Amino acid sequence: MKPTADKVYINGEETNIAVMPDFEPTAPAVVIDDNGPVAVDDLSVVSADGQVSELSMVSTTDKSALASCWTGWVAPGTGTWYTSSPGCSVIGVSPSATAGYDWTVDFNSLGSACLQGRGYQARHLPGGGTAWDEYFAGLGCSGGGSSGGGVVSWGEVASTKVVKALSYSVPTGAAGMFQ
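Per numbering that gives the first Met the number 0, the very first residue in the sequence shown carries number 0; after that it's consecutive.
Watch out, some of these pointers could steer you wrong.
Unchecked claim - Within a straight-line C-alpha distance of at most 16 angstroms, the following computed EDC-like cross-link-like pairs (lysine to aspartate or glutamate) qualify:
1) 1 - 21
2) 1 - 132
3) 163 - 133
4) 6 - 41
5) 1 - 40
6) 6 - 21
7) 6 - 33
8) 1 - 41
9) 1 - 133
10) 163 - 101
Derived by calculation from the structure, the hints in this document are not laboratory data.
Fair warning: this is a prediction, and the values are worked out from it, not measured in the lab.
Using the sequences and the hints given, assemble the complete structure.
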């Protein structure tokens, strides 16, 4: 996935963070580094045409703001992977930043599912520079009323969380939430 020409500014300073095409500046954003979520005073994105978007940051201590990051996923009972709607935005501020995912299977879901979370891996280019390749990593499998989670590489990337879900209880399907 090729990043856009948009630039991320943190506390007024331009960064080298790759802004992916699906990054949504109006969605709540979590800023992460090697040790997890971090607080910053000022966060904005400037588009290639000069439009400035002040980002709404999610405080890791604000439970209600974090609750707004929960997004639904559905895995119809077809035996195929389905991609969720985007969740909250995540902005990695270090090359080794990792993003955590939590997920649940609805108590009323009769089916079971396996989930994968989107992350990014660095690829060093000949002659210098870094490209960030999208990948999906396993987050676990379970049935109704269960939960799980996992961690994926994220790096210096601004994007949104997305999961892929596969129902392994064909033809029943499964549904739940992730953040």
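Against the structure, the hints:
no.	hint	verdict
1	1 - 21	holds, 11 angstroms
2	1 - 132	holds, 8 angstroms
3	163 - 133	holds, 13 angstroms
4	6 - 41	holds, 14 angstroms
5	1 - 40	violated, 28 angstroms
6	6 - 21	holds, 14 angstroms
7	6 - 33	violated, 21 angstroms
8	1 - 41	violated, 26 angstroms
9	1 - 133	holds, 10 angstroms
10	163 - 101	holds, 13 angstroms
Figure legend: structure checked against the earlier numbered hints; hints not met, in rising order: 5, 7 and 8.
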